[in-house]
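**Q** Throw the hints in and build the complete structure from the sequences for me.
Each residue of the sequence shown is one higher than the one before, counting from 1 in UniProt numbering.
The reader is advised that the hints may include incorrect statements.
Stated by the list, open to error - Derived lysine to aspartate or glutamate pairs resembling EDC-like cross-links, with alpha carbons at most 20 Å apart:
| no. | residue 1 | residue 2 |
| --- | --- | --- |
| 1 | K62 | E31 |
| 2 | K112 | E207 |
| 3 | K112 | D39 |
| 4 | K253 | E323 |
| 5 | K27 | D59 |
| 6 | K140 | E45 |
| 7 | K198 | D250 |
| 8 | K136 | E207 |
| 9 | K253 | E232 |
| 10 | K198 | E152 |
| 11 | K334 | D319 |
| 12 | K22 | D59 |
| 13 | K129 | D147 |
| 14 | K253 | D242 |
| 15 | K22 | D39 |
| 16 | K62 | E145 |
| 17 | K28 | E72 |
| 18 | K46 | E31 |
| 19 | K253 | D319 |
The set of hints was computed from the structure by calculation and includes no laboratory data.
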Amino acid sequence: MSQKDYYDVLGVGREAGEDEIKKAYRKKAFEFHPDRNPDDAQAEEKFKEAAQAYDVLRDANKRARYDQFGHEGVNGNGYGGFSNTDDIFSSFSDIFGDLFGFGPSRGPRATKGADLRYNLRISFRQAAKGDQMELKIPRKARCTECDGSGAEPGSQPESCQQCGGSGQVTQAQGFFRVSTPCPICRGRGTVIQNPCAKCRGEGIVQETRELQVNIPAGVDNGSRLRLRGEGEPGELGGPSGDLYVVIYVDEDKTFRRQGQDLVHTVEINMVQAALGATVDVPTLDEPVPLSVPKGTQSGEVFQLRGLGLPFINRQSTGDLLVEVLVATPTSLSKRQEELLEEFWKLEDKKLKNKAKSFFKRAKDKAMGD
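**A** The following block contains the structure:
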């Protein structure tokens with residue numbers, strides 16, 4: 001019976017956690033495995049010591065007794081009740097199944113079906129207001145004739161003779177055992193002698209599924225809508241995959257989008273900019289009046305709160321940003337030119353008076369100093 005300290009056997013400290021102990025044991029088991037060290041009694045001894053140590057330290061109750069009373073606390077009966085290495089493989093199949101492909105076969109596993117993607121192009125207004133749309137999705141579906149078994153109604157799939165129904169075949173490569181899907185049943189564990197006429201034994205058929213999809217208001221380019229269970233069917237009774245609807249939004253002639261804010265450009269003339277005016281601004285609903293104050297400069301932006309796009313899953317809305325551009329006239333009548341020249345003379349005189357006033361103040365200040 002080995003009386004070595006179990007922590008020393010695995011090469012871990014007494015404060016080691018469960019994952020660290022398991023990792024250390026995997027390393028020792030790999031290093032001293034009998035198939036890797038044939039006819040090596042010393043390696044087999046170390047392999048059993050590691051198994052005994054792991055059997056105690058992986059169990060919280062055994063570990064507590066060992067920490068308090070040593071080997072006597074866990075009865076110290078040989079190699080933890082293991083009569084040979086086969087017992088070790090059986091007890092720790094979770095370890096050896098990962099390391100070497102050992103342990104009992106778990107049989108074919110149910111797997112989830114593949115997810116599907118559908119690209120949906122919508123208008124700017126649909127994105128802004130939301131909509132309900134009917135989609136036609138081409139996809140694979142479980143055969144209703146045989147309920148996905150692949151066998152003709154009245155018959156049943158038979159267990160595969162090649163793999164014994166496990167869906168896996170195991171091959172030895174040195175001290176490794178590698179499991180691969182059975183080539184006869186393709187990993188299903190069953191074979192079909194009398195295939196379903198509708199699906200030809202596949203258990204699935206191609207169909208076009210009609211779905212009603214709610215487009216929430218405020219979606220943007222790249223938004224994804226997830227429809228659970230609307231993907232391809234799973235295998236061996238596994239759940240269906242999901243359908244992801246990816247949104248693409250057309251551009252709009254009236255608005256530009258900045259997140260959940262909308263931007264609209266309105267053009268006014270120089271008189272409106274100078275004297276002020278009220279202009280109508282389009283929104284997602286009815287136009288609203290915007291008061292443009294006197295002296296507005298080209299490029300100024302006015303914010304209309306709450307007139308943008310709604311935030312998804314939030315009780316708030318973006319704003320409408322109105323950018324004002326002052327248009328310069330390109331064609332003037334004779335009278336308009338005269339009025340502008342007269343206006344310029346007044347402005348020029350005002351500028352000259354400002355300049356004189358500035359120089360006078362500067363001169364007075366200098367004389368005073």
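**Q** Now tell me, hint by hint, if it's right for this structure.
**A** Here is what the structure says about each hint:
1. Proposed proximity of K62 and E31 is contradicted: the alpha carbons are some 25 Å apart, above 20 Å.
2. Simply put, K112 and E207 have alpha-carbon atoms about 19 Å apart, close enough for the 20 Å limit, and the pair holds.
3. At most 20 Å may separate the alpha-carbon atoms for a hinted pair to count; K112 and D39 exceed this at roughly 45 Å.
4. Under the criterion of a C-alpha separation no larger than 20 Å, the hint pairing K253 with E323 is consistent with the structure, at around 15 Å.
5. At roughly 19 Å between alpha-carbon atoms, K27 and D59 fall within 20 Å of each other, so this suggested pair holds.
6. Simply put, K140 and E45 have alpha-carbon atoms about 55 Å apart, too far for the 20 Å limit, and the pair is violated.
7. For the suggested pair K198 and D250, the alpha carbons sit about 42 Å apart, so the restraint of at most 20 Å is broken.
8. A threshold of 20 Å between alpha carbons decides the hint, and for K136 with E207 the separation of about 10 Å falls inside it, so the pair holds.
9. A distance of roughly 39 Å separates the Cα atoms of K253 and E232; the hinted pair therefore is violated under the 20 Å criterion.
10. A C-alpha spacing of about 9 Å is found between K198 and E152, which places the hinted pair at or below 20 Å, so the restraint holds.
11. A hinted pair counts as satisfied when its Cα atoms are at most 20 Å apart, and K334 with D319 does not qualify at roughly 43 Å.
12. Using a Cα cut-off of 20 Å, the hinted pair K22 and D59 holds, with the two alpha carbons roughly 11 Å apart.
13. At most 20 Å may separate the alpha-carbon atoms for a hinted pair to count; K129 and D147 exceed this at roughly 41 Å.
14. Note on K253 and D242: the hinted pairing is violated, with a Cα-Cα distance of about 35 Å set against a maximum of 20 Å.
15. A distance of roughly 26 Å separates the Cα atoms of K22 and D39; the hinted pair therefore is violated under the 20 Å criterion.
16. Taking the CA atoms of K62 and E145, the gap is about 55 Å. The hint is violated against a cut of 20 Å.
17. A C-alpha spacing of about 24 Å is found between K28 and E72, which places the hinted pair above 20 Å, so the restraint is violated.
18. The suggested pairing of K46 with E31 holds, with an alpha-carbon distance near 9 Å, which does not exceed 20 Å.
19. Restraint check for K253 and D319: satisfied, since their Cα atoms lie roughly 18 Å apart, inside the 20 Å limit.
Of the hints listed earlier, those the structure fails to meet are numbers 1, 3, 6, 7, 9, 11, 13, 14, 15, 16 and 17, in rising order.
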